[in-house]
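The listed protein sequences derive, respectively, from chains S and V. Residue numbers for the first sequence follow our numbering, so the first one is 1 and each next one is one higher. Residue numbers for the second sequence follow our numbering, so the first one is 1001 and each next one is one higher.
The set of hints was computed from the structure by calculation and includes no laboratory data. Keep in mind that the hints are not guaranteed to be accurate.
Stated by the list, open to error - Here are the simulated EDC-like pairs of lysine to aspartate or glutamate, each with C-alpha atoms no more than 20 Å apart in a straight line:
(1) LYS60(S) x GLU1367(V)
(2) LYS10(S) x GLU1411(V)
(3) LYS1149(V) x ASP1195(V)
(4) LYS10(S) x ASP1358(V)
(5) LYS1009(V) x ASP1408(V)
Stated by the list, open to error - Which chain V residues face chain S? A few, computed with CB under 8 Å, are given here:
(6) HIS1040
(7) VAL1102
(8) PRO1170
(9) GLY1256
(10) LEU1329
(11) MET1334
(12) MET1335
(13) PHE1337
(14) LYS1364
(15) PRO1366
(16) CYS1370
(17) GLY1374
(18) HIS1382
(19) GLN1385
(20) ARG1422
(21) PRO1424
Stated by the list, open to error - Distance windows between CB atoms, simulated:
(22) MET1003(V) x PRO282(S): 55 to 61 Å
(23) ARG1259(V) x PRO321(S): 17 to 23 Å
(24) LYS60(S) x GLU1454(V): 57 to 63 Å
For every residue, glycine included, the Cβ atom is placed at its ideal position computed from N, Cα and C.
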Amino acid sequence: MFAPAPFLLKDVSVSQVMIQVCVALIPGIAAYASLVGPAILVQLVIATLAALLAEAIMLKLRGKPLALFLTDGSAIVTAWLIALTFPPLAPWWLVVTGTVFAVVVAKHLYGGLGQNPFNPAMVAFAVCIVAFPALMSQWPSVGLQLGLIDQMNIILGWAPRVDTLTGATPLDAMKTALKLGEGSFDVSTLLANQDIYGNFAGRGWEWVAAGYLLGGLWLWHRKLITWHVPLAFVASLSLISGALWLYNPSQFASPLFHLLSGGAMLGAFFIATDPVSGCTTPRGKLIFGAGCGLLAYIIRVFGGYPDGVAFAVLLMNLSAPVIDLLTQPPVFGMKDKA
Amino acid sequence: MLMNLFKFKGGVKPPSNKLQSNHLPIAQAPMPSRLVVPLHQSIGGTPRPIVAAGDHVLKGQMIGEADGWISAAVHAPTSGTVVEVAMHVRPHPSGLDSLCVVIEPDGKDEWIARTPIDHKAAAPADVFHHLQQCGIVGLGGAGFPAHGKLTPSTGVPMDELIINGAECEPFITCDDLLMRERADEVVRGIAVFRDLLQPKKVLIGIEDNKPEAIAAMRAAVDAQKEPFSVVAVPTLYPAGGAKQLIRVLTGKEVPGSMRSTADMGVQVFNVGTAYSAWRAVAHGEPLISRILTITGNVHAPRNYEVLIGTPMDELLALAQPHPDTDGILMGGPMMGFLVPNPQVPVVKTTNCLIAHDDRLFPPKAPEMPCIRCGACARACPHELQPFEMYWFSRAKNFGKTQEYNIFDCIECGCCSYVCPSRIPLVQYFRFAKSEIWAREREKNASDQAKTRFEFKQYREEREKADKAEKLAKAAAAQAAKKAAEAAAAAAESGAAPAADTAASPAVTADAPAATVNPEKEAKRATIEAAMARAKAQREAVQPKNTENLSADQQKAAADIEARRIAAHLIEPEPATPASEKPE
Ligand code: SF4
Ligand code: SF4
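In isolation and in its complexed conformation, chain S is listed as follows (with noise of 0.2 Å):
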């Protein structure tokens, strides 16, 4: 008789795992609707709803079982980051390219659930932003005070996208005075001041990180993931900040606005976690976080795009085979020898 053991399994599926990142993600969700409005929570509808048709459609050309895999809840936390990283009134079709593109060519055509070597979200975004860079850097200005029907008509397109309902993003702002300034600009004037910046960050921004953390935070607890990626991303997002702040603090931004703007708690917490394309070993999780977190700054600070994390992670992607390889731990038995 065939019948494997062990006989008993624990209860957890592959949809279990991916629910409880898309609840993770809810803290960061509503901070981020309070700041922009309901637009955020019509795109992550868009964005659902054109990953699971994506998914179903190529599902079933490959002749894959489309209940066991729609149902597995990785196109949805795919289509949920697609919405968080992208600008909240980029027009649906935006929306919609970025996670068709994700779904179809960065998950399925590479073979599917669990072989994809590349984060799928990031893949949009960095598809996205090489190709619409304008669209993709309008985000909504502060301050800005839309209902759910104007911001729907924006993003539906049936309102025109005027110049006014848009502004920069901190690290977009930070980036352009100082490359116009050419160190005549002082960061703390800046922060001081501009209407974009709060605090730390930008207004309302410290909240939305702070709710990616507190939902990254529940996702170490529950055991989904572990601290090695996330901490080596913030540790050395941290030093190279701090490092280059102290050095002087006139030219760059602290270690908080760097770990409080842009993607970086949305990364370090659900993008560059991800397991299909990250690094499994424990040194090499160190060594792909602390990589993300570095790369992440560089691009930010002396690249060309106003936020790198996307591009950090898929660099990161890139290497993370060889890293596992380099990385393997000794087997049980086997500490001293090697």
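Here the structure of chain S is known, so what remains is to put chain V with the ligands in place on it, guided by the hints.
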């Protein structure tokens, strides 16, 4: 007592399910209608049957004789008549048959004369022999003959003797009950082991979810004034794995490659083994029964003392299985297996029977792709990377699985237990291991065949050479004879003596040369030809560069070749018959 415990990495905490069966005392199972005693019940050589159909046997009479040093005798569990010595399916996942002695009990349960041994007075070799003759094997799992593990290993001093009472598998409570009820004899058995091994320390490890057993063992140790430590170890599966228990109690990590833990100065025995060793030493009782747990989907879970050879379905009936029971699991739910047939007999290593049904053990959800979440690696007590081994097993890249130390895997099932994708990882590892073994065997077999073939060739060629040599010698002798005759004739005729005397030295000088040269020539030529032929044949059976290809690789190579031919990249080699081949 206070003791510094060590941790092992990984491990899981499945629901223990022990409460069902551990509150009633051990019961004696009734005599079954017949007993099927497999001869092969332990690691090592299969004992040879020494009874035949029709023989009358007494309880405890030897029916199978140990075959070699690593082997232990097998005995009749009760008195009765041998019905047959035949192949029957044995309790093993393979479902294969093995030679069994079938006994019909006569109901008298009449013992053979028993001879205890004074293990303190007797020479160790005699004690080992006694244990082997009494069929004492490890009752914890693998069934390694006890005397083999008691023989001190050369060079390494024995630091710790560890007694395994951890019993970490869910559902099983037989060791728990044994320690609660018969702690005194268990401790005496441990003392026997101690006397033989002379370890510096004796540690008895029991999971802390068995407080009664711990208390009973402590009381017994104190009563006998033995310096043994009874240590409560944290409940964590697989704390009862020999290597995990060693780690927890001593901090030593036994590498997977190490053949015996004795090489690290540690030896581990199950509590049940100690008990049966004591029965053998003090009472001359061979191992003919054991305690086992009957539990699972039954009304009355309980521990029973059971005769080896009892059919499992008769035992299960004692515990009143629910009607939806659809199989019998032997061993625990983490490492056990469904027996191939409910009538298979209990053997020395049967510690638990679990009535299986879908409510207790729901059918497995469909397997999903691995999401590399690493849960399996975190759960693995041997700190392996199960998902990597899984990946390479699936890809049939068995060399890589070995690089990831697949042979360190103890098949504890922790990785499968935690996998959210429901991948039956252990099954993949078993498959990979058996494939590697099979290939090793095949390779050994083919190496042997090659050696045999080469030797045959060599022999044939040598025979040919010998023949040629003989022929050459015969020819030379013939020539010499002819020359001698000619010379004789010439001498006789006396005509032209001058010419003949001039010619005869030439002949006599030539003849030896002729006898040597053709002989040597012929020999050399035949040897050379033989070598060339052997070489050609060797190359024919062993094409260069392709000797170590797997079937897949060969197929791939053949496919590539076919495509190249189809694409007219190369001409197919004409299939020239051997005779037409240009020389
Ligand atoms: S637990 Fe399962 S899904 Fe997770 S890494 Fe291991 S094999 Fe893959
Ligand atoms: S079965 Fe093998 S690989 Fe899996 S957890 Fe146990 S030792 Fe590790």
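Exercise. Which hint numbers does the structure go against, in order from smallest to largest?
Worked result: Violated hints (numbers, rising): 6, 7, 22 and 23; every other hint is consistent with the structure.
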